[in-house]
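Asker: Here's the letter readout for the chains.
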Amino acid sequence: MQMPRSRCQPFHSLLPVTLLLLAARPVSASIPQDDAPGRQMAIQATQAKPLTHTITADHSTFSQLQFTLEQQKTLKPEDVTKACLSCHNQAALQFHQTIHWTWRDKDDAGNPAKFGKGGISVNNF
Amino acid sequence: MTGKMIKIYLYSKFERFWHWFQAVSIFLLLLTGFEVHGTIKLFGFKQAVNLHNIIGLTWLGIFLFFVFWMFVTLEYRQYIPTTKKLFEVARHYAYGIFKGEPHPVEKSLNAKHNPMQRLTYLGLTAILLPFQMITGLLYWGYNDWSGLGLSWMSLEVIALLHLIGGFALLIFLIIHVYMVTTGHTLTAHVAAMFSGWEEVHEEENVADWEKKTI
Amino acid sequence: MAQSVGRPQRENCGTCHFYGGGGDAVKHGDLDSSLIKVDKNLDVHMGSKESGGQDFTCVRCHTTTAHHIAGRIYEKPASIDRKSLLQNDLGDKIMCESCHGAQPHKAGGMSAKLNDHTDKVSCQACHIPEFSRNQPTKMSWDWSKAGSLMDGKTEVKNADGQAIFMKEKGLFTWEKNVVPEYFWYNGTLAHMTTEDTFDPTEEVWLNRPKGNKDDPNSRIMPFKVHRAISPYDKVNKTMVIPHLFPYGKDDKTAYWKNFDWSAAIVDGMNYAGQKYSGEFGFVKTNYVFPTTHMVAPREQALSCSECHSKDSRLKNITDIYLPGRDSFKLVDTIGWFAAGGALIVIFLHGIIRFISSRKRKED
Chain A
1 MQMPRSRCQP
11 FHSLLPVTLL
21 LLAARPVSAS
31 IPQDDAPGRQ
41 MAIQATQAKP
51 LTHTITADHS
61 TFSQLQFTLE
71 QQKTLKPEDV
81 TKACLSCHNQ
91 AALQFHQTIH
101 WTWRDKDDAG
111 NPAKFGKGGI
121 SVNNF
Chain B
1001 MTGKMIKIYL
1011 YSKFERFWHW
1021 FQAVSIFLLL
1031 LTGFEVHGTI
1041 KLFGFKQAVN
1051 LHNIIGLTWL
1061 GIFLFFVFWM
1071 FVTLEYRQYI
1081 PTTKKLFEVA
1091 RHYAYGIFKG
1101 EPHPVEKSLN
1111 AKHNPMQRLT
1121 YLGLTAILLP
1131 FQMITGLLYW
1141 GYNDWSGLGL
1151 SWMSLEVIAL
1161 LHLIGGFALL
1171 IFLIIHVYMV
1181 TTGHTLTAHV
1191 AAMFSGWEEV
1201 HEEENVADWE
1211 KKTI
Chain C
2001 MAQSVGRPQR
2011 ENCGTCHFYG
2021 GGGDAVKHGD
2031 LDSSLIKVDK
2041 NLDVHMGSKE
2051 SGGQDFTCVR
2061 CHTTTAHHIA
2071 GRIYEKPASI
2081 DRKSLLQNDL
2091 GDKIMCESCH
2101 GAQPHKAGGM
2111 SAKLNDHTDK
2121 VSCQACHIPE
2131 FSRNQPTKMS
2141 WDWSKAGSLM
2151 DGKTEVKNAD
2161 GQAIFMKEKG
2171 LFTWEKNVVP
2181 EYFWYNGTLA
2191 HMTTEDTFDP
2201 TEEVWLNRPK
2211 GNKDDPNSRI
2221 MPFKVHRAIS
2231 PYDKVNKTMV
2241 IPHLFPYGKD
2251 DKTAYWKNFD
2261 WSAAIVDGMN
2271 YAGQKYSGEF
2281 GFVKTNYVFP
2291 TTHMVAPREQ
2301 ALSCSECHSK
2311 DSRLKNITDI
2321 YLPGRDSFKL
2331 VDTIGWFAAG
2341 GALIVIFLHG
2351 IIRFISSRKR
2361 KED
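As they're listed, the protein sequences go chains A, B and C. Using the working numbering, the first residue of the first sequence is number 1, and each one after it goes up by one. Using the working numbering, the first residue of the second sequence is number 1001, and each one after it goes up by one. Using the working numbering, the first residue of the third sequence is number 2001, and each one after it goes up by one.
These are computed hints drawn from the structure, not numbers from a lab. Just so you know, even glycine gets a beta-carbon here, dropped at the ideal spot from N, CA and C.
Here chain B is said to cover these stretches of chain C; the calculated rule only asks that three of the stretch's residues, wherever they fall, bring their Cβ under 8 Å from a Cβ of chain B:
id, region
1, 2111-2119
2, 2304-2311
3, 2324-2332
4, 2337-2343
5, 2347-2361
Once the Cα atoms are required to be at most 20 Å apart in a straight line, the calculated EDC-like pairs of lysine to aspartate or glutamate come out as:
id, chain 1, residue 1, chain 2, residue 2
6, B, K1099, C, D2363
7, C, K2113, B, D1144
8, C, K2315, B, E1156
9, A, K106, C, E2195
10, C, K2284, C, D2142
11, B, K1041, C, E2306
12, C, K2106, B, D1144
According to the in silico footprint, chain A covers these stretches of chain C (three or more CB under 8 Å from chain A):
id, region
13, 2062-2069
14, 2191-2200
Just need the whole structure built from these sequences, with the hints factored in.
Answerer: Spelled out as structure tokens, the structure:
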């Protein structure tokens, strides 16, 4: 992968640049091509590591997640969450720190600030 | 000024190319420039910028060669300003021309331009065009200013200066095109700029300053 | 249930975020239920593979660290560093630059000029030509019209089936294919709270993009601006928090049950622990939303003249010289006056030449 060449052309190279411009540049507006470097980079960045490669466990085989038909009749969503948390033992603690839980932005010290739905900022919708 | 009319080969191929190249360049640069400025709509903004850049940079490159040519061929001496007969030339265009008087300064190989032309073209070539090229180049290179230590400059000021130069060129162009018609016929001068041959009165007495001094 | 363990899908996020503000497409101009199943024309990233899109889910860009999801913007930018993913494999992938780099366009010619713009113009500014390109979004909301009926009805709908009046909420307008408003933006918004005072004779910006032309991290960014007429404290000149949604059947103060602004504001401000004078009025308020989703295919990116023209989109960006939009009135006037003068002079000169030569011939 080649990084895009900087556009910055030193002024002393102007004359050859001028002649090149004359010779090589079509006058008509150029339509963006497939090989725009930003697109190449993005495709490379998102395809380099397919997400499936990061999964190392098949959750359907975990005994904690096996529920009998009888159990499933009375099962509540919270019971499944508990089953998740029995292994993912940091998840709840992590989640309690997030804006999805506090509904508040954090100040520089990491404490909930005034802003957010749980704060005293105001919207108009 | 009693000599008969003779034809002299006044403008070389290179000079004629140079003249018409500049004429087309100035015309297109004015058109695209005033489109970039938002005054007219013709090519579309993007194409106007593109054309303006290409023509401007090309002219700049050829201009450097032209300056080199001027000094190598000593043709720059045609542009050394003089005040001799300047008043007479001015008086001619303001008054004598209406009386059908002959031009006070006849063109010759050693003096292609009358004193007023000398001043005008010197001002154009030595001041206005370089001024437009420098401000235009800075405008073009706007994004590289910080890298070149030019961050203190203001795009607004550069654009303003370049615009003022553009207006000056527009006014020059208007007057220049009109002055072309003031030859002994309406099309005499423009024909000469195509063929190279200018019809002049055969001079009997050539003034000292008109002689090529080597 | 256990079979569905996996990464969050669009529905997981969209159930809340597509319906913000009380309904589909109300709050955001660039986030609505259209994104559940979408083609490339509306969103190049989330568009289906069949339509030529990338079929990204939300979390493809909104990457997480310990359940913190990248992309919230209050006082902190979504991402502090404008750098490419290639430079930092573990960084948040939330910025366009994260994947596309800072010089995404081809080198050479006018494409290079596009790369020149990335230091001051956000990707979104050109690549999201309009927002709400599939469903109309709510653009204005007059809360002062709530509480009474309109033509004897509690709800009035427009031709598209969207409510333009509701007794609970007031009067709305909806718009589709909206041209954004543009502001300098460093990735953060300044928010007004119930503690901040303002001048009620002017529009009150409840939030505002932060940033300026000299800040290397600021870009010109497109925004949806939601304009409303909202209740405020007339004496303290502060915004108020009314209690809207009833707690239950016996709720005596909730506005949506009792339609009494005064009681609802007293209760709401009391709950929030904020001062309230007891006197309320209505004030014009604006709320901005950055427009960043629903990126259009590159063929639809803005042409230069959308900004570089007298009729520029960048009306709010007045602190820079913008070629094609800005001019120098005085120099223009003098310049055209002089050019016109030159024309008149040569015209007169030519006429006199013509007449005098005719005369001489007659003589």
